[in-house]
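J.: Okay, here's what each chain looks like letter by letter:
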Amino acid sequence: MVISTREQAAWDALAEVADPEIPTISVVDLGVIRSVRFDGPRLTVELLPTFVGCPAIDVMQHDIGERLRGMADEVVVEVSFAEPWTSDRISPQGRERLRSSGFAPPVRVQPAAASAFEADELLTVLPIATCPYCGSRNTMLENPFGPTLCRAIYHCADCRQPFEQFKTV
Amino acid sequence: MVAPGLTDATRTALAELLLSLADDEFVIGFWDSEWTGIAPMLEEDVAMSSISQDEIGHARALYELLASLTDADADAIAFGRSPGEFRHAALLNHARTDWAFTIARRFLYETADATRLAALARSSYEPLANLAAKMRREESYHLMHIETWLRRLASGTGAERLRDALTRAWPDAQAIFTPLAGEHELVRSGILPEPLTDLRTRWAERVGSVLGELGITLDAAVVADDGRTRRTDEFEWLHGQFTMVAASEEGATW
Numbered sequence: 004m005v006i007s008t009r010e011q012a013a014w015d016a017l018a019e020v021a022d023p024e025i026p027t028i029s030v031v032d033l034g035v036i037r038s039v040r041f042d043g044p045r046l047t048v049e050l051l052p053t054f055v056g057c058p059a060i061d062v063m064q065h066d067i068g069e070r071l072r073g074m075a076d077e078v079v080v081e082v083s084f085a086e087p088w089t090s091d092r093i094s095p096q097g098r099e100r101l102r103s104s105g106f107a108p109p110v111r112v113q114p115a116a117a118s119a120f121e122a123d124e125l126l127t128v129l130p131i132a133t134c135p136y137c138g139s140r141n142t143m144l145e146n147p148f149g150p151t152l153c154r155a156i157y158h159c160a161d162c163r164q165p166f167e168q169f170k171t172v
Numbered sequence: 004m005v006a007p008g009l010t011d012a013t014r015t016a017l018a019e020l021l022l023s024l025a026d027d028e029f030v031i032g033f034w035d036s037e038w039t040g041i042a043p044m045l046e047e048d049v050a051m052s053s054i055s056q057d058e059i060g061h062a063r064a065l066y067e068l069l070a071s072l073t074d075a076d077a078d079a080i081a082f083g084r085s086p087g088e089f090r091h092a093a094l095l096n097h098a099r100t101d102w103a104f105t106i107a108r109r110f111l112y113e114t115a116d117a118t119r120l121a122a123l124a125r126s127s128y129e130p131l132a133n134l135a136a137k138m139r140r141e142e143s144y145h146l147m148h149i150e151t152w153l154r155r156l157a158s159g160t161g162a163e164r165l166r167d168a169l170t171r172a173w174p175d176a177q178a179i180f181t182p183l184a185g186e187h188e189l190v191r192s193g194i195l196p197e198p199l200t201d202l203r204t205r206w207a208e209r210v211g212s213v214l215g216e217l218g219i220t221l222d223a224a225v226v227a228d229d230g231r232t233r234r235t236d237e238f239e240w241l242h243g244q245f246t247m248v249a250a251s252e253e254g255a256t257w
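Protein chains in written order, with the working numbering: chain H, 4 to 172; chain L, 4 to 257.
The set of hints was computed from the structure by calculation and includes no laboratory data.
A hint or two may mislead.
Facing chain H, from chain L, some residues (calculated, C-beta under 8 angstroms) [claimed, not checked]: (1) V49; (2) Q56; (3) A64.
A quick note: this is a predicted structure, and the numbers were derived from the prediction, not measured.
Ideal Cβ placement from N, Cα and C applies to all residues, glycine included.
Kindly generate the complete structure, drawing on both the sequences and the hints.
T.: Spelled out as structure tokens, the structure:
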């Protein structure tokens with residue numbers, strides 16, 4: 004894919020927009036930006052919600068719009084379900100940022116992103132997480148539901164530390 | 004959007020389908036959000052609140068899809084209707100009641116919703132197919148949660164209460180698959196890839212197989228024609244609760 008200089012500038016700007024709930028990770032590393040498109044006077048950003056009911060969507064839309072203001076006459080941030088956001092969309096850098104701020108990264112569910120589009124696929128939830136503090140895999144899922152829709156609660160049997168995982172979805 | 008290409012008949016049928024789906028998610032989301040702070044244990048407070056937030060989020064996305072189709076406002080659809088204008092299944096007319104009833108109802112509802120979403124992920128109406136595919140990934144967690152609770156209650160001192168609750172909820176649960184007025188059109192156009200009666204059969208098999216393992220059998224039940232129009236005092240009470248803020252200042256921005 005050829006990315007124009009203007010598009011690249013927009014992507015660079017988006018890399019500075021933090022996720023409102025876990026500010027250590029940017030919206031680009033989180034994988035919620037599906038596309039950036041200049042069309043005449045308009046710049047359109049396609050935003051894939053991590054969870055359909057995520058209350059941070061409105062904040063993200065606003066923050067992205069503010070950051071890109073001036074890059075085109077009109078900036079549109081479009082919420083899209085054209086493809087499901089999956090936790091596999093988090094970049095390697097994003098996973099590392101999560102880990103270093105005390106969140107276990109999600110388990111990878113698909114070897115290839117393509118399988119995420121199969122209509123009949125039902126996600127199998129495996130209670131696996133690596134402790135972000137000591138690296139142990141000897142951990143226990145305490146609650147698949149946590150303080151926000153995208154977080155699950157675990158406990159590390161080795162370092163005895165409770166921690167959160169960015170949910171596999 | 005695909006909407007401009009739809010005939011009036013298809014659009015009307017699609018609107019009816021979207022409203023039924025959205026109202027189901029909206030109403031169960033509100034009922035079960037009542038457990039926040041008073042669930043049997045702290046972890047369950049968190050779980051039930053999170054699940055309810057998912058459901059209300061799904062309702063919002065579905066109301067927005069409906070609003071884009073009819074050039075209406077999603078909040079007005081959600082909060083501006085009278086109780087009689089709601090189209091959720093009769094299963095969701097009942098109050099929260101006790102934990103056994105909540106688990107029984109959720110089990111019947113989640114399995115029905117999973118069956119329905121699997122079909123809708125193949126819908127010819129792309130925005131709905133996309134949304135259904137996304138919702139299914141989240142519903143995997145709901146299914147895991149509810150089956151864990153179902154098995155736990157079935158094997159403990161709550162077994163009898165669970166059985167009574169399932170027996171009570173079962174007839175009205177059929178209403179999730181009450182035929183829609185525009186169903187023929189929905190199936191013809193591929194928006195609904197299978198008739199609701201076929202989905203109901205698949206759901207009942209699934210319910211029967213899980214409950215069979217737990218030694219619970221439910222009597223045959225029929226689908227009532229008024230399954231999505233009948234309302235109760237209990238629902239009127241809930242309606243008063245969830246419209247209270249919107250009604251307190253009409254036209255307010257929030």
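J.: Indicate, hint by hint, whether the structure satisfies it.
T.: Consistency of the hints with the structure:
Proximity of L/V49 to chain H holds as hinted, the smallest CB-CB distance being about 5 angstroms (cut-off 8 angstroms). At its closest, the beta carbon of L/Q56 sits 5 angstroms from a beta carbon of chain H; the interface hint therefore holds under the 8 angstroms criterion. Using the Cβ-Cβ criterion of 8 angstroms, the hint placing L/A64 at the interface with chain H is satisfied: the shortest such distance is roughly 5 angstroms.
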